[in-house]
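A.B. asks: If you want the building blocks of each chain, they are given just below.
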Amino acid sequence: MGDAVPFWRAVLDAAKDQRGGKLDIDLSGAKVVDGAIMSLLVELRAELARRGVSSKLVGASHEVEPIVQLYEKTEDKAADGSAKSTPRVGLVERVGRGTGAVADAARRLVVFTGELAFSVFGVFRKPRRTDLGRIPLLVAQAGTDGLPIVLLLNFLVGVVMAYQSSNALRLYGANVYVSDLVGISVTRELCPLMTAIIMSGRSGAAFAAELGTMTVQEELDALRTIGLSPQRWLVVPRVAALVLVAPVLTLLGDVMAVSGGGAVAALSLSIGPRAYLSELRGSVLPSDVWTGLVKSAVFGAAIAFIGCQQGFATTGGASGVGRRTTAAVVTSLFTIVFIDTGMTVFFRVFGK
Amino acid sequence: MITVKDLTVGWSGNPVLEHASFEVEGGEIFAILGRSGSGKSTLFRFLVGLEEPLAGSIELRGVGAPRLVGGKPTFGVMFQGGALFGDMTVGENVALPLEIWTQLPRQAVLAIARGKLRLVGLEAAKDKLPSDLSGGMLKRAAIARAMALEPSLLFLDEPSSGLDPVTSAELDALMVTLCRSLGVTVVVVTHDLGSILGIVDRAIVLDRAEKRIVATGSPAELQKSQDRRVHAFFSRTVEPSGKS
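Respectively, the protein sequence lines represent chains A and B. Residue numbering for the first sequence is 48 to 399, as defined by the numbering used here. Residue numbering for the second sequence is 8 to 251, as defined by the numbering used here.
Just chain A, same shape as in the assembly (with noise of 0.2 Å):
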């Protein structure tokens, strides 16, 4: 293979002027002819056939015989498949064909959505047709194997919050109202988002990739063929789990969040934990800690139920699970942002 390089350019060469009648390529010289060499040769002769040239192999030694067989052997198989060459897709072709995907899409996503509504009032008929002993497991796994991260960056974000209005607020004189800004911006807004964010990318993301990879493996048909419902008996479990978990991470995530605004109202705008506090109670109203719960269970169930989603669409073995995976997690972040943006105006509207 060292020489098929400088091999191809010279048979290149020789031939590059050749239009009709015959050639023989000889092969007395050589003395071995790997596979390369002989791939190279098949794909010579079929340029030159295109061509209207006839060509042969000749001068081919004993050694070098055999090998030189068993190429030509698949010279036919070379010549259709240069014949049959996949044609380009047109613009409107592509259109089409995305036109459609996008339409099987919506219809599995509205299917699944049937199938999981419809399951979920099953499981008050039927309970045993749902595998609800595994909502202890995904609550662990979802909640307290997620608390660590939740509790630092929501006390990050309370930290950032302080840090970012303690300018504007020196200015004014106004240092104390750092815990009304802190206070209501975590409960309503921040807190709920970023766990959202963190349940999408490990609990969304695991979800995708367990029940991808079951579809891969026909763990879902097995499902099916014991006569069970794979959303019932799968996917309502982990709707479940993270609607409870949500909230509770978020609650936490809150205590957390104001205490880092605490910790720089204290060393940087010399406001004391009793003032801080204090004023705390006065502007954060109860309404801003449930508006905020509501929203984290919400956006508990849409995660989950795109995770799971996800992982039911999965096609392609390996590959199609950590394509999937990937667009569970990024399909969330933008749900959870348009949900979060409906339920504000909602709320705002409503008056809470």
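Just so you know, the hints here were simulated from the structure itself, not pulled from any lab data. Possibly wrong hints are sitting among the right ones.
Unchecked claim - Some, not all, of what chain B presents toward chain A, calculated at C-beta under 10 Å:
# : residue
1 : G93
2 : D94
3 : I107
4 : F162
Remember, it's a predicted structure, so these values are computed and weren't measured experimentally. Glycine included, C-beta positions come from ideal geometry on N, C-alpha and C.
Given chain A, put chain B in place with the hints provided.
C.D. replies: Relative to chain A, chain B alone:
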């Protein structure tokens, strides 16, 4: 036991098998044979109710197409890779159908599961996870799970794929035991002739180019077939046209 009439299966605009008609008698071992890409596994999915046919009908015991989910399974299925649930032990996998579809107490469920595993020679593996099992053990465990509810009909998808000849022979012997001793009708999808011809009662041969059944009969009848495609399949040769 199974009646298939004028069945066309595949996906919209792309049928892989057309106008297929055949019957499977109760108590026999029936094979669906054909080369790779001939539609065997697709037909399998339609027979067990995982997909809807494009045309035609399938009847199980004269009562219409198999209906999954929502009702107690009337047959058992073994998938090509076993499809055991990875987060459950082998014993829990086998016990699951019993827990869902019977009112038996837990102790009885576990005893029956152990009995099924004993039948397939895997009682010692009941506490292992599927990831700890070899290929042959996975398939035997999957058969035990498929037999949990005492079905009279069993579907097996490529049971010998990925197995060495000895393990494959053990699985064949198990199929014969299930059929002859327990009266289970066994429908096997396979392309492994060496394994299946010694045990099967009747078979059909699918052809991928023509997208239809090209032969039906006992192994002896099929091996004597004058049809060039059937002959090429059974003699494991390239067809006279040079296509392989």
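A.B. asks: Report holds or violated for the interface hint on B/F162, using the least CB-CB distance to chain A and a cut-off of 10 Å.
C.D. replies: holds, 8 Å
A.B. asks: Taking 10 Å as the limit, does the beta-carbon of B/D94 come near enough to a beta-carbon in chain A?
C.D. replies: holds, 8 Å
A.B. asks: Hey, does the B/I107 contact hint survive, CB to chain A under 10 Å?
C.D. replies: B/I107 check passes; min Cβ-Cβ to chain A is 6 Å, inside 10 Å.
A.B. asks: Was the hint right that B/G93 lines chain A, CB cutoff 10 Å?
C.D. replies: holds, 7 Å
The structure agrees with every numbered hint stated previously.
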